[in-house]
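So the sequences go chain by chain: V and Z.
Letter by letter, the first sequence follows residues 1 to 325 in our numbering.
Letter by letter, the second sequence follows residues 1 to 297 in our numbering.
Hints are computed from structural coordinates only; laboratory data are not their basis.
Treat the hints with care, since some could be wrong.
[Unchecked claim] Distance windows between CB atoms, simulated:
1. Z:182 <-> V:316: 27 to 33 Å
2. Z:76 <-> V:158: 24 to 30 Å
3. Z:63 <-> V:60: 53 to 59 Å
4. V:137 <-> Z:128: 49 to 55 Å
5. V:249 <-> Z:200: 15 to 21 Å
6. Z:127 <-> V:320: 18 to 24 Å
7. Z:63 <-> V:52: 54 to 60 Å
8. Z:190 <-> V:158: 34 to 40 Å
9. V:130 <-> Z:171: 52 to 58 Å
10. V:105 <-> Z:128: 54 to 60 Å
11. Z:290 <-> V:130: 34 to 40 Å
Here a beta-carbon is modelled for each residue, glycine too, at the ideal position from N, C-alpha and C.
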Amino acid sequence: MHPKPTRRQWIAGSAGAALLAGCKTSGPPAAPAAPSRVSIVRAPAYDQSLYGALRRILDGHRLNVRGRTVVLKPNLVEVEPGSCINTHPLLVHAALEAFLAAGAASVRIAEGPGHRRNTLDLADAAGYFSTIPKFEDLFVDLNVDDVTRVRPRTQFSGLPQWYLANTALGADLLVSMPKMKTHHLVGATLSMKNLFGTVPGAICGWPKNALHWAGIAECIADLHAIFPRKFAIVDAIVGMDGNGPIQGDPKPVGVVVTGSDPLAVDATCCRVMGIDPFRVGYLRLAAPNLTRIAEQGILQTGEAIASVATPFALIPEFRGLRLTP
Amino acid sequence: MAAAPRQPCHSMSLDVLIGRQNPDGGWPYSRGGSWTEPTVYAIMALLSAGEFAPARRGLAWVGSIARRDGGWPPRAGVDMSTWVTGLVALLGPRNIGAAPYDRAIRWLLDTTGEQSTFTYRLREWLLGNDTSERDAKYPGWPWVPSNAGWVVPTSIAILALDKENRRQPSTRVRHRIDAGHYFLLDRACDEGGWNYGSSHPLGYPSRAYPETTGLALAALRGVRSPQVDRALVAAQRFLAECHSADATNWLRFGLRAHGLLPAGYCAPPGLEFRTVPETSLNVVMIAAERGRDLFWD
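Start from the sequences, fold in the hints, and give me the full structure.
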């Protein structure tokens with residue numbers, strides 16, 4: 001026997017029914033696109049071997065960046081020496097060298113952290129100044145960069161306009177370089193969630209609370225559509241599991257995951273983490289058809305997922321995301 | 001107005017600051033177009049150092065971007081008023097003009113974190129979600145209207161309203177200041193000090209940050225409570241360990257508000273003041289330590 005609904009449940013249920021009645025059904029699924037290529041490359045440590053590995057990765061993806069402007073967008077979150085919160089600076093430097101070697105006209109590093117306002121102090125504490133020569137000349141703080149008002153092509157969040165950092169908008173190629181981490185609000189934070197750093201804190205505050213109120217998954221999906229020219233390099237040499245993205249535990253995985261389609265890259269990362277990508281809200285929203293995040297819809301190169309997969313600990317709220325065989 | 005004596009060791013900062021003023025009169029955070037926040041800090045620094053001409057150009061830029069709703073946008077061309085309205089109000093009616101100043105104070109009084117609004121609480125009640133009575137009683141200020149209240153915008157708004165209340169006492173202003181104080185005390189971290197928002201997001205304790213701890217302590221000037229006592233201990237520890245110019249500036253501000261900044265305190269050598277706010281606030285803090293305090297006076 002079902003319990004009698006409360007007044008709140010009745011009102012909420014009626015409102016939901018009314019909303020559903022007004023909804024249009026989606027159209028027929030789009031024709032499947034060519035499979036996206038995602039590579040998983042073993043990288044057991046943050047050492048000099050990353051420089052060669054990144055060059056081989058770019059060669060493998062046949063990225064043509066000759067004469068182009070490239071912006072590397074790592075994930076910088078917290079000042080916590082020795083922690084695994086931030087994208088490792090050696091990987092970022094290896095990417096910078098690889099893109100320059102591939103003929104890029106310019107390569108800059110840019111980030112707009114969501115928590116700490118003193119970005120350069122954060123980058124310093126995270127080892128960027130000591131690892132990357134002339135870091136300050138190469139770096140743009142996206143939180144305080146000049147901005148352009150953009151009207152998004154999609155309307156998942158309902159935000160009619162976004163103010164976004166010009167350095168990110170103007171890049172011929174925006175390279176999202178997240179850390180592979182669990183996230184206590186959306187399950188996993190990867191290359192798509194990392195785009196939050198392109199929204200200046202000087203407009204919407206620290207943390208970027210306006211995006212939380214508009215819906216994190218919805219905002220991720222909108223940002224994914226706004227930036228069409230992307231490449232993803234996921235730092236999964238040591239990731240973070242448990243109560244990520246700040247208070248979790250180090251999770252060694254020993255790989256770098258890359259590709260030109262962030263949807264396919266993030267879906268692959270989820271599988272490596274033991275998370276079902278079909279249950280991650282923003283992946284479902286952003287995938288025009290779900291084959292983009294289906295394993296059979298992705299051209300997998302390098303290591304097989306099964307050979308590197310290692311289940312990330314999930315907080316109770318996200319145990320339902322667990323990938324089941 | 002008596003200017004603070006210009007010291008050789010700070011003249012480079014001032015010169016750099018003046019050199020970074022944009023042709024429109026405003027300042028960037030570091031480089032690029034003008035933003036309201038660094039412009040306000042630069043104006044404060046220049047006024048406290050007696051550099052009136054560039055300060056006046058900065059004030060003209062600030063005046064030119066005021067919005068019709070009484071607030072200020074974070075930069076020209078952004079069509080919303082935000083927390084920076086509190087910063088502009090700190091410049092006072094003498095600098096920004098009586099009418100714009102009054103509108104800024106009204107904007108601050110009319111703005112609360114969304115969780116304190118009736119419509120939000122009604123919606124959450126209908127959805128069966130818990131809402132905190134404390135949010136209703138003690139509203140803070142958001143970064144952007146229609147968002148939650150946070151420690152930094154709440155602290156800045158309190159500082160602006162406190163200055164206004166000393167200029168022209170008012171029950172309504174006093175009430176918002178008191179509510180803001182409760183908001184801050186409610187969000188103090190267990191270890192002492194403040195993060196940006198909740199002390200226990202999603203049930204997990206958050207760590208205090210030096211910069212927010214310093215700013216919140218300044219906003220809590222004259223307030224006595226166990227949270228303030230713990231925060232003062234944390235702030236003194238942060239100051240001893242700090243390698244950040246931004247954090248050092250705010251910690252000096254917070255400790256001085258409670259009479260705990262060591263006499264003759266000097267920022268550690270080698271501290272890099274890289275941005276316009278860092279450089280400006282350092283000048284403002286030095287002037288304040290010499291008795292010319294634009295945050296309070």
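Cross-check of the supplied hints:
1. Z:182 <-> V:316: 27 to 33 Å: 32 Å, holds
2. Z:76 <-> V:158: 24 to 30 Å: Because 26 Å falls inside the window, the suggested range holds.
3. Z:63 <-> V:60: 53 to 59 Å: 56 Å, holds
4. V:137 <-> Z:128: 49 to 55 Å: 54 Å, holds
5. V:249 <-> Z:200: 15 to 21 Å: This hint holds: roughly 19 Å between Cβ atoms.
6. Z:127 <-> V:320: 18 to 24 Å: 20 Å, holds
7. Z:63 <-> V:52: 54 to 60 Å: 57 Å, holds
8. Z:190 <-> V:158: 34 to 40 Å: Holds, since residue 190 of chain Z and residue 158 of chain V (Cβ atoms, about 37 Å apart) stay within the stated range.
9. V:130 <-> Z:171: 52 to 58 Å: Since residue 130 of chain V and residue 171 of chain Z have Cβ atoms about 55 Å apart, the given range 52 to 58 Å holds.
10. V:105 <-> Z:128: 54 to 60 Å: 56 Å, holds
11. Z:290 <-> V:130: 34 to 40 Å: At 36 Å between Cβs, range holds.
Checked against the numbered hints above, the structure violates none of them.
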